[in-house]
Amino acid sequence: MAALYEEFTLCGLVQTQNASDSPIQGIERDGDSDHAVVTDSTRSVTLYKVSDQKPLGSWTVKQGQLLTCPAVFNFQTKEYVVVSDNKVIRVWKDEDLNLDKAFKATVTADVWRVHSAPGGEPVVLFQRGAVRFLDSLLSAPQQPIEDVLSEEEVIRWSTNIVAEEQHFVLFTTEQKGECCLYVQRLNPNTLQKYRLEREDSGASPLSFSASLRDKHLNLLYLYPNGCVYQSVVAARGYVGLEGVQALPRSLRLRLAVGEGELGAASAVALDEAHVAVVGVPHPSARTGKDFLCIWNTNFQTLQAGILRNWRKLFVPHGKALSVIPYDCQNHPSGRISIKCNCSQGNVKLGVNCVQPQPHQTGPVDEVQREVEALVSRGDAQDLQLSVGQLACHLVARSQAETAFYTPVALAQLVQTQFLCHSVCPGLLLLSLEHKDYFLCQLCLQLFPDIPEVVTCACLKTFISNEVLQTPYSDNFLLPHLKDLDTQQVILFLQYLQFVYLKYSQDVYTQTPGLRSPTMTQIIDWVCLLLDAHFTVLVMAPDAKGLLSNLQSFVKSQVKLFSELGKIESSLQELHKMKLSKDISQYSIEVIELF
Amino acid sequence: MGEFKVHRVRFFDYMPTAIRAMAFNAHTERLALGRMDGSVEIFNFADRYFQEKVIPGKDSRSIEALCWVGGRLFSAGLNGEITEYDLENLRPKYSLEAYGGPIWTITSNSQGAHLAIGCEDGTVKLFEVLEESIQFERNLDRQKGRIISLSWHPSGTQIAAGMMDMIRVFDVPTGRAVQRLLVDRGFGGSKSRETVVWSVVFLSDYTIISGDSAGKVQVWDGHTGTLVKTHLVTKWDVLALSVSKDESSVVVGTSEGTVIQFQFIAPTLQQQQDKEWVRTRTFKNHTHDVRALAEIETAIVSGGMDTQLVVRPLLEKFDERSHASALRKIQFPHRNLVFCAKKAGLLLFQFPGQLELWRLGESDGHGKPGDSLPLKRKPEKLLHLKRKGEDHICCSALSSCGGWLAYSTMSSVRLYRLQTDNNDISISKVPKLPKILRSAHQLCFSSDSSKLFAASSQSSVLVIALSQSECKYVHTLKPKSGSRQPIHLMTNSVDGKWLATANSDCEIHVYNVQKLKLHCIVPVYGSCPSAMGIHPTTNNLTMVHADQQIFEYSIVEKQYTDWSRKLQKQGLHNLWLDRDTPVTHVTFNPKNPEQILLHDMHMFCIIDQSLPLPDQKTQFYNQMTLRSLSEQERPSHLHAFKICKTFQDLLSVSLLDDQSLVMVERPLLAITCQLPAPVRQKKFAT
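The listed protein sequences derive, respectively, from chains E and A. Here the first sequence is numbered in the working numbering, starting from 149 and rising by one per residue. Here the second sequence is numbered in the working numbering, starting from 13 and rising by one per residue.
Hints listed in this document are in silico derivations from the structure and should not be mistaken for laboratory results. Note that the coordinates shown come from a computational prediction; the quantities given were computed from them, not determined experimentally. One or more hints might be untrue.
What the hints assert, rightly or not - Cβ-Cβ distance ranges computed for the label pairs, FRET-style:
no., chain 1, residue 1, chain 2, residue 2, range
1, E, V702, A, P345, 53 to 63 Å
2, A, Q283, E, T157, 45 to 55 Å
3, A, E332, E, G179, 32 to 42 Å
4, E, D200, A, Q285, 44 to 54 Å
5, E, G179, A, R577, 54 to 64 Å
6, E, K714, A, Q343, 29 to 39 Å
7, E, G179, A, E41, 55 to 65 Å
8, A, E332, E, K714, 39 to 49 Å
9, A, E606, E, K714, 53 to 63 Å
10, A, T637, E, E420, 31 to 41 Å
11, A, Q343, E, D200, 57 to 67 Å
Ideal placement from N, C-alpha and C gives every residue a C-beta, glycine not left out.
Could you put together the complete structure from these sequences and hints?
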């Protein structure tokens with residue numbers, strides 16, 4: 149499960165003339181995980197304390213000079229490094245006030261980036277692809293720098309990975325529409341070049357992100373058509389492999405981009421299952437609105453909604469640099485609500501249809517046959533995409549043609565368990581509209597990500613065991629619960645009390661296989677309902693009996709549980725006692741000494 | 013090293029009795045401990061709390077309180093007598109009827125010139141301490157109600173007496189009661205019950221601190237007789253109080269098994285002048301009544317109904333961790349109560365009131381390590397021999413052939429001839445023992461059962477010749493040192509030539525039994541030997557001391573062996589030295605002369621002298637590691653100390669002639685089970 153926390157603004161940004169250019173060149177960390185080194189696109193470097201949202205220091209180069217690479221922190225020497233005017237490397241410390249008086253060295257070739265990571269020496273990547281350790285470069289700044297890249301090849305993106313005594317510099321290049329990945333291993337130095345598969349549209353990736361997992365380098369890249377691919381390169385290099393190799397890729401995520409293409413967007417892998425995506429503009433949102441979402445790639449579900457940094461996302465957007473702390477846990481069914489200003493756009497997973505099929509026009513029974521044929525194919529990977537597509541289309545058609553509704557086909561699609569709410573958000577509401585409670589139940593049972601508002605909508609229509617078991621988050625359910633009217637609340641409470649009593653009476657006689665909410669789930673709902681409607685219930689005369697009933701019931705239960713608590717601790721003591729072997733008064737044993 | 017068949021014996025129902033009183037002699041660093049059965053034990057706190065001496069109990073004797081006057085030890089009890097002990101002969105020196113009914117308490121003034129006792133009839137009696145005895149001097153003003161507790165003011169001019177519902181302060185020169193401090197009763201139902209002031213202490217600033225049966229610790233002003241402060245510390249009784257030497261701390265023992273410390277300190281940093289008694293720490297090391305307490309320089313010593321002696325070091329008094337800063341619980345006696353007839357496979361258990369003779373069981377076939385073998389024959393209790401008279405058994409012995417059995421009380425020695433004939437056993441008392449054999453501190457038979465050695469007074473040993481027809485006094489072996497201390501260890505060699513004795517002066521004498529003369533004295537080491545044995549083939553004497561040092565002395569060459577020198581030069585492993593119970597038995601493996609077998613309460617150890625000694629970096633407890641290694645890897649990891657902790661709460665380990673081990677365990681849980689229920693039964697989750 150991935151969760152975004154409340155965002156906050158780290159600093160305001162000065163808009164540059166060209167709106168598409170970010171006013172931020174780079175955000176890097178220093179020795180303190182709460183610090184961020186922000187380099188703007190012109191002349192200044194600022195050190196922020198993130199949690200306090202306050203600058204700790206700022207350094208500026210002289211007018212006329214330009215910072216050409218984001219400042220980085222050298223974790224070994226506790227110094228900052230920046231490059232100005234492509235060739236001048238400047239090194240300074242926290243206590244230095246004036247950047248001009250700090251150490252500088254001019255090198256012979258243009259620098260693309262300086263990379264630094266904890267546990268490794270900073271590395272300088274030149275625009276022509278050569279790589280040097282900062283130390284060795286500064287010891288002889290005028291050393292000749294070789295060209296690695298061909299003449300028209302330009303670096304688009306680069307990064308630096310240090311892990312377990314391995315040090316990599318990764319960079320991608322572009323040349324006449326062809327993209328390549330270079331993996332430079334340091335100590336010993338080897339360089340490997342991979343060619344990225346061409347996207348049909350011929351477009352180049354918009355953003356890259358790389359990480360090291362299980363001794364493999366994972367490269368994640370996003371194309372303007374919304375496809376997020378992943379490629380994996382073994383971290384242990386095949387020394388001696390010459391030439392360019394093709395880099396196989398796999399589709400991790402397909403974002404709905406509608407007709408248009410993404411102009412600028414970025415995707416970052418948060419962990420194995422989660423990808424954060426930010427981009428401008430988005431077709432489904434109004435222009436000028438940014439969106440940030442976290443996707444679960446295993447389930448293709450929207451998890452939340454980029455710059456990844458130490459459990460914080462740094463997003464420059466509009467006139468501010470926002471910091472959004474996040475948290476990832478491996479919980480397959482957890483859903484996230486988007487709680488950040490920049491992400492009000494309702495992002496859904498779209499699917500492209502390739503050719504006309506019966507479900508678009510055919511009658512119900514024909515559709516039914518198609519669905520059956522599809523479901524019986526049983527190719528999991530393939531099915532996942534096509535089931536989602538099909539369901540979306542069926543729902544769309546049902547919504548358009550009031551006469552058209554295919555309950556059996558939809559139920560079959562849901563039962564494949566490849567669907568979830570975010571893939572086909574209209575489905576559950578559609579079934580509610582048609583009072584198809586079987587399908588509703590099925591969705592409630594199988595969808596891991598039903599929004600609270602929909603849960604509440606279900607609740608208004610019918611009360612079930614299933615509703616109680618849908619996952620929810622208190623904070624977001626509560627406002628929707630308030631929409632229920634008093635009578636509904638009373639009825640619901642009565643129902644909950646009934647269920648609770650029933651279960652507490654026959655805890656052991658529950659029919660196996662029958663899905664029933666746990667005691668905790670029931671109690672949670674009672675709490676939520678009371679929270680949402682307490683004042684109303686107190687005022688309502690017809691709730692009085694129920695409430696006093698509930699009160700005495702709770703009282704007796706509390707008493708019971710406090711007694712149980714006492715017994716528990718005693719029994720726990722028993723458990724703690726080592727089960728000593730029952731040794732009799734006398735035995736003859738054999739021991740061995742070594 | 014090899015496999016051993018082990019007879020794991022748990023049918024020795026050894027049951028220590030409750031601790032009733034204690035007194036600490038700061039000058040000699042000896043703690044005297046009185047138990048419910050009237051026995052007195054002396055622990056040497058300067059020598060790893062070694063239980064140096066045991067004065068056996070007597071049915072009619074009871075000890076309610078103990079008191080040192082210089083090096084002399086007095087007790088008083090509910091039998092109405094004051095007793096002084098002869099610590100050299102381990103017996104009461106004399107007992108004196110005080111004619112005041114049961115005596116609840118005895119205490120001496122700081123000058124050591126007078127003893128005061130508190131009697132049931134309401135009198136406080138003063139006795140003058142004379143050179144060889146004590147003499148009644150006078151009564152203080154007689155009160156209504158018994159005198160439960162007493163404390164002298166350090167000046168010696170006043171005495172505080174704890175009674176029922178009150179404390180009286182007496183002026184000693186005049187004998188008049190000068191103050192009456194009324195002690196409140198408990199609340200609720202206990203309001204109708206009289207409050208017993210179980211304990212009082214009288215401090216030099218005339219503060220009186222009392223502990224009573226209503227659970228209160230009260231601080232009084234002895235000048236004015238006013239109550240300064242009440243601390244309610246328990247729902248039950250506050251039984252014992254002890255004040256530190258500098259009077260800055262008082263510890264309190266309760267019926268709940270807790271020991272609570274009060275300290276005389278300023279409550280805030282600002283008001284350093286206004287000190288008061290503040291409750292500071294609570295220790296819970298007992299399950300039952302804490303009846304006896306002593307706060308010594310660096311520790312709190314406590315004992316009570318749960319029979320164990322607990323030494324709880326005050327950690328602020330230590331700069332570094334060592335064996336002295338560790339909590340010590342003394343649960344088992346530091347001497348043998350189990351004797352094994354190695355040839356006959358018999359076990360003798362010594363209780364204060366009886367002896368039990370058992371025959372070990374037999375097993376079928378063989379098994380692999382870790383197995384329990386099926387029993388072919390169960391162990392059998394052959395004999396239950398009750399002692400005669402009131403005096404408790406102080407020592408006993410069983411010959412290795414199983415044909416002779418002897419025990420001694422303070423007043424007599426009895427010798428029995430045993431004949432086991434398949435399943436029948438006959439026992440006959442040997443009549444007409446030599447007159448000189450009246451009592452013994454230690455008894456042992458020679459390995460061929462032809463002689464009985466009895467440790468007598470002044471470290472001497474009587475040699476008695478045994479034969480079918482008669483029992484004859486042969487000789488008295490006397491040490492040259494002229495020590496008056498009792499012998500607490502005695503062992504002889506298999507070839508019948510040598511006899512070694514150890515006494516409380518830490519002297520070890522080796523006698524030539526054939527020539528009936530002293531052969532040599534082992535150089536005296538500063539710590540008392542806790543176990544020793546003579547090697548069956550080399551006649552080397554192995555000694556283990558209370559401080560855990562091991563020495564091996566060649567009797568023939570009259571010098572330490574090379575191995576012993578090597579061991580001393582290299583030093584024992586710290587983990588060995590830090591063990592907290594003494595080795596109580598040393599024995600050997602006749603089939604493998606390199607092996608020395610020894611044990612303490614928590615482990616059994618075989619020292620293989622052919623293997624390298626472990627240095628401090630060596631993994632000391634390495635049996636698990638060795639088990640996990642392959643046959644080829646093992647030799648490089650071996651060291652001389654092979655320690656087995658499978659068997660716990662060990663009272664005895666011996667090696668039978670058939671190479672099987674006998675481990676006598678007495679699980680502490682089994683002892684706890686036999687204790688009466690504690691006052692406060694812990695309820696579920698309360």
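Here's how the hints hold up against the structure:
no.: 1; hint: E:V702 <-> A:P345: 53 to 63 Å; verdict: holds (59 Å)
no.: 2; hint: A:Q283 <-> E:T157: 45 to 55 Å; verdict: holds (53 Å)
no.: 3; hint: A:E332 <-> E:G179: 32 to 42 Å; verdict: holds (37 Å)
no.: 4; hint: E:D200 <-> A:Q285: 44 to 54 Å; verdict: holds (47 Å)
no.: 5; hint: E:G179 <-> A:R577: 54 to 64 Å; verdict: holds (58 Å)
no.: 6; hint: E:K714 <-> A:Q343: 29 to 39 Å; verdict: holds (32 Å)
no.: 7; hint: E:G179 <-> A:E41: 55 to 65 Å; verdict: holds (57 Å)
no.: 8; hint: A:E332 <-> E:K714: 39 to 49 Å; verdict: holds (43 Å)
no.: 9; hint: A:E606 <-> E:K714: 53 to 63 Å; verdict: holds (58 Å)
no.: 10; hint: A:T637 <-> E:E420: 31 to 41 Å; verdict: holds (39 Å)
no.: 11; hint: A:Q343 <-> E:D200: 57 to 67 Å; verdict: holds (60 Å)
Every hint, counting from the list given before, is met by this structure.
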